[in-house]
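**Student:** Below, each chain spelled out in residue letters.
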Amino acid sequence: MAEAAKDRSMALQKEMIARHFDRLEAAPDTGEKVVYTFVPGNLTELILSFGALPVLPEINALQSGMRGRSREYIAEAEKAGHSEDVCTYVKCDIGMLKTGNIGPTGTRLPKPDLLLLSYTGCFTFMKWFELLREEYDCPVVFFHVPYQGEGRMTPEHRDYMVRQLREQVIPALERVTGRAYDETRLRALLQRSRAAEDDLVAVLHAARNVPSPLDSYFGAVYYVGPIFSSFRGTEEAGSYYRELRSEIEARAKAGLGPVTPDGPLERERYRLVVEGPPNWTHFREFWKLFHEEGAVVVASTYSKVGGTYDFGFRHDPDDPLGTLADYCAGCYTNLNLPSRVQMLCDYIRDYRADGFVVNSVKSCNSFSAGQLVMLREVEKRSGVPGAFIESDLVDPRYFSAANIKNRLESYFQMIDARRAQRGAP
Amino acid sequence: MPSQRTDIVDWAAGVCDDLSFGAARDWVAAAPGRRACGFLPVYAPREIVRAAGMIPVGVWGGGDRVEIIRGDAAYQSYICHLPRSVVELAETGRLDFLAAMLFPSTCDVIRNLSGIWRLTRPHVYVRYLDVPQVVEPSTGGAFWEGELRTLHRELAELAQVPVDAQRLRAAIAEYNDARRLIRDLYALRREAPWQVPTEELYLLMRAGEAVPVDVFAAKARAYLEAAASDGRRPRDRARVVVAGAFCEQPPLGLVKTLEQAGCYIVDDDFLLGNRFIEGDVSLDGDPWAALARAFTTQTVRTSILFEPDPMGKRELMAMRAKAARAEGVVFAAPSFCDPALLDRPMLKDGAEAAGIPTLSFRYAENTGQFQQFREQAGTFSDSIKLWGGV
Numbered sequence: 001m002a003e004a005a006k007d008r009s010m011a012l013q014k015e016m017i018a019r020h021f022d023r024l025e026a027a028p029d030t031g032e033k034v035v036y037t038f039v040p041g042n043l044t045e046l047i048l049s050f051g052a053l054p055v056l057p058e059i060n061a062l063q064s065g066m067r068g069r070s071r072e073y074i075a076e077a078e079k080a081g082h083s084e085d086v087c088t089y090v091k092c093d094i095g096m097l098k099t100g101n102i103g104p105t106g107t108r109l110p111k112p113d114l115l116l117l118s119y120t121g122c123f124t125f126m127k128w129f130e131l132l133r134e135e136y137d138c139p140v141v142f143f144h145v146p147y148q149g150e151g152r153m154t155p156e157h158r159d160y161m162v163r164q165l166r167e168q169v170i171p172a173l174e175r176v177t178g179r180a181y182d183e184t185r186l187r188a189l190l191q192r193s194r195a196a197e198d199d200l201v202a203v204l205h206a207a208r209n210v211p212s213p214l215d216s217y218f219g220a221v222y223y224v225g226p227i228f229s230s231f232r233g234t235e236e237a238g239s240y241y242r243e244l245r246s247e248i249e250a251r252a253k254a255g256l257g258p259v260t261p262d263g264p265l266e267r268e269r270y271r272l273v274v275e276g277p278p279n280w281t282h283f284r285e286f287w288k289l290f291h292e293e294g295a296v297v298v299a300s301t302y303s304k305v306g307g308t309y310d311f312g313f314r315h316d317p318d319d320p321l322g323t324l325a326d327y328c329a330g331c332y333t334n335l336n337l338p339s340r341v342q343m344l345c346d347y348i349r350d351y352r353a354d355g356f357v358v359n360s361v362k363s364c365n366s367f368s369a370g371q372l373v374m375l376r377e378v379e380k381r382s383g384v385p386g387a388f389i390e391s392d393l394v395d396p397r398y399f400s401a402a403n404i405k406n407r408l409e410s411y412f413q414m415i416d417a418r419r420a421q422r423g424a425p
Numbered sequence: 001m002p003s004q005r006t007d008i009v010d011w012a013a014g015v016c017d018d019l020s021f022g023a024a025r026d027w028v029a030a031a032p033g034r035r036a037c038g039f040l041p042v043y044a045p046r047e048i049v050r051a052a053g054m055i056p057v058g059v060w061g062g063g064d065r066v067e068i069i070r071g072d073a074a075y076q077s078y079i080c081h082l083p084r085s086v087v088e089l090a091e092t093g094r095l096d097f098l099a100a101m102l103f104p105s106t107c108d109v110i111r112n113l114s115g116i117w118r119l120t121r122p123h124v125y126v127r128y129l130d131v132p133q134v135v136e137p138s139t140g141g142a143f144w145e146g147e148l149r150t151l152h153r154e155l156a157e158l159a160q161v162p163v164d165a166q167r168l169r170a171a172i173a174e175y176n177d178a179r180r181l182i183r184d185l186y187a188l189r190r191e192a193p194w195q196v197p198t199e200e201l202y203l204l205m206r207a208g209e210a211v212p213v214d215v216f217a218a219k220a221r222a223y224l225e226a227a228a229s230d231g232r233r234p235r236d237r238a239r240v241v242v243a244g245a246f247c248e249q250p251p252l253g254l255v256k257t258l259e260q261a262g263c264y265i266v267d268d269d270f271l272l273g274n275r276f277i278e279g280d281v282s283l284d285g286d287p288w289a290a291l292a293r294a295f296t297t298q299t300v301r302t303s304i305l306f307e308p309d310p311m312g313k314r315e316l317m318a319m320r321a322k323a324a325r326a327e328g329v330v331f332a333a334p335s336f337c338d339p340a341l342l343d344r345p346m347l348k349d350g351a352e353a354a355g356i357p358t359l360s361f362r363y364a365e366n367t368g369q370f371q372q373f374r375e376q377a378g379t380f381s382d383s384i385k386l387w388g389g390v
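Read top to bottom, the protein sequences are chains A and B. Just so it is clear: in the first sequence, position 392 is 392 by our numbering, and no numbers are missing. Just so it is clear: in the second sequence, position 367 is 367 by our numbering, and no numbers are missing.
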């Protein structure tokens with residue numbers, strides 16, 4: 001397989017991740033405290049304000065999938081009694097733990113000092129940390145983020161979250177780290193987050209250009225990496241997003257398309273919106289099924305699981321706990337189905353998409369349950385037909401390139417036929 | 001000549017067989033202005049619905065008695081069966097009498113079904129019930145009390161009745177009575193399972209989900225009296241807890257099969273919402289606060305709530321088995337059920353560490369072949385009776 005083409009920002013991100021995992025491996029010796037938490041509703045700035053290191057188990061699982069390790073990890077977990085029906089992120093994480101806990105960069109992951117269960121948009125998170133608690137002798141602090149079932153967050157919900165932060169989460173972090181809550185420090189981190197979020201949104205909005213200078217699904221999963229994980233609020237995340245923005249803006253100015261693993265895309269033929277997470281075990285192959293047809297994803301919902309910044313949210317240093325509550329409540333999977341449908345329709349309109357594709361993953365009921373109804377509703381509201389493909393997050397047994405290719409090819413032919421009917425090029 | 005007990009069981013079976021919810025429809029039709037409010041598994045505050053002048057109706061799926069056509073168009077093959085049959089019931093008009101639908105935070109599938117309802121039935125009042133996962137009074141308690149007040153206000157508005165604390169207290173009293181009867185029925189089955197076959201108990205409980213609470217209480221009371229005086233003979237069967245069937249329900253044939261294969265079910269999770277709150281809810285003081293306090297301090301330990309005790313999962317099955325004097329645990333979970341299946345390794349390890357034999361399988365509400373379950377349960381029962389479960 002040819003070496004993937006890389007931007008400078010990708011190299012920067014790789015260095016950041018390597019440094020972070022080195023610190024994690026050394027944590028038992030340096031005494032740095034380690035907090036496991038989840039991507040949606042992550043409280044990274046708060047964790048960092050206590051000088052602790054975040055670990056995101058979903059990121060480790062998806063990295064294991066990309067590195068071809070998830071099959072054995074899942075098998076290990078199933079051998080230990082975990083059902084084949086449940087989330088493969090969980091089984092991948094547990095299998096990794098049971099086989100030595102070697103993380104994505106090849107370094108050993110430390111045990112958590114605290115499991116910060118940010119219960120945001122996914123039921124499985126609760127079970128995941130109950131399961132990890134069985135493996136690690138460490139406390140769990142529960143942070144309940146109310147689901148936006150009514151399509152909005154009420155002041156009472158916000159107050160509930162802020163009180164939990166003040167009365168449960170912060171005291172738990174204080175106990176574990178031995179440090180007092182430092183709001184000044186938190187504000188400084190949030191200020192830096194805000195700047196990085198501006199840069200990220202500029203990047204995502206650049207996909208409104210024709211051709212789009214980025215792929216907002218396959219490319220964006222890299223772009224959102226730092227801000228969705230351990231780096232939001234850090235200087236290095238700020239540098240990364242400034243660099244990324246300048247790269248994307250330069251490509252847009254030059255009228256260039258996105259960079260794919262096989263090099264720059266020469267001709268944009270189809271502009272798509274994608275709903276649902278990608279498959280990680282065959283990520284490059286999956287992406288290729290799109291880019292070899294000239295299909296570019298101009299907007300995706302998966303790149304909003306760790307925050308819906310492109311709809312205006314920014315962390316507010318003047319209201320540090322309130323803004324963390326707002327952030328958590330607004331993560332994509334914490335939104336109800338009508339809100340998700342509306343977001344897809346907005347993307348189709350604002351990014352001038354030719355179509356939309358739902359990638360339904362077996363593992364994730366939070367995403368997948370209801371997607372067939374969403375598909376029909378988006379088609380009805382937008383007048384744009386959608387495509388439905390199926391795979392899994394990190395279980396390679398559920399990825400069939402031939403099936404997906406067939407469906408996508410048929411879908412692209414249908415888009416061509418519609419264009420021909422309209423007399424469009 | 002049919003006994004009173006047979007009459008009650010026949011009545012319950014008739015209510016359960018009626019997938020159009022005739023009993024609830026009759027109640028609605030009996031007086032002008034009456035409305036019905038459906039709720040999905042597992043827990044909904046029925047007292048609030050009752051106090052708002054509506055009949056709460058448990059929507060526990062179509063079981064094995066409805067052909068799924070439109071429901072399958074809404075869900076991929078790897079989603080559990082319950083939402084398919086609920087969609088099917090709705091699409092075939094069987095739920096069109098429900099003016100409101102409540103979707104508790106049981107799992108992401110039921111959560112997202114609330115969104116499907118919003119998209120496809122904009123004329124129905126829909127509310128997602130995000131039960132608190134933290135039990136501290138100042139956070140979880142205050143949050144849930146606020147949610148209950150909002151729900152009550154909105155349902156009362158829909159039903160065009162005033163929000164009335166006294167009415168809510170009266171509803172709490174009625175449900176306290178129903179819960180006491182359920183506890184008594186479960187206690188009688190625990191003491192003498194031959195007197196209360198689970199098939200009968202299940203039908204009675206299931207019927208209770210679709211009739212007014214006072215009707216259920218009268219039937220439950222009569223059944224208790226009849227069952228207690230009925231001189232059936234005990235048989236040499238293994239006493240088991242059936243765990244994991246708290247949402248999508250097993251077909252009745254599967255319940256019968258377990259008992260016919262040599263097990264006495266002495267504790268279970270079936271229709272758990274009707275006894276989700278353990279003990280009485282206080283009738284003193286503010287009733288919304290009392291309901292909220294009951295939720296944060298008196299709920300059953302279940303897979304759909306966070307377990308704050310680090311040893312809680314490991315100890316739960318041993319505690320339940322001990323309380324029910326059970327000799328084994330049957331983990332019966334619906335296929336693709338996240339709460340039950342993610343919990344199972346922890347619960348199973350805990351049971352086996354305590355020396356309690358276990359049996360695990362998955363089902364769907366429309367499972368039609370029971371032979372494999374008969375063989376598994378028969379072997380399990382034999383192993384307990386003959387070799388102490390080894």
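Careful, some of the hints might be misleading.
[Unchecked claim] DSSO-like cross-link-like pairs, simulated, lysine-lysine; straight-line CA separation at most 27 Å:
{"#": "1", "chain 1": "B", "residue 1": "K385", "chain 2": "A", "residue 2": "K111"}
{"#": "2", "chain 1": "B", "residue 1": "K385", "chain 2": "B", "residue 2": "K256"}
{"#": "3", "chain 1": "B", "residue 1": "K348", "chain 2": "A", "residue 2": "K98"}
{"#": "4", "chain 1": "A", "residue 1": "K111", "chain 2": "A", "residue 2": "K33"}
{"#": "5", "chain 1": "A", "residue 1": "K79", "chain 2": "B", "residue 2": "K256"}
{"#": "6", "chain 1": "A", "residue 1": "K14", "chain 2": "A", "residue 2": "K33"}
Treat the hints as calculated values from the structure; they're not laboratory data.
**Student:** Hint by hint, note whether the structure agrees.
**Tutor:** Tested hints:
no., hint, result
1, B:K385 to A:K111, "43 Å, violated"
2, B:K385 to B:K256, "19 Å, holds"
3, B:K348 to A:K98, "18 Å, holds"
4, A:K111 to A:K33, "9 Å, holds"
5, A:K79 to B:K256, "31 Å, violated"
6, A:K14 to A:K33, "23 Å, holds"
Taken one by one, the earlier hints fail for this structure at numbers 1, 5, listed in ascending order.
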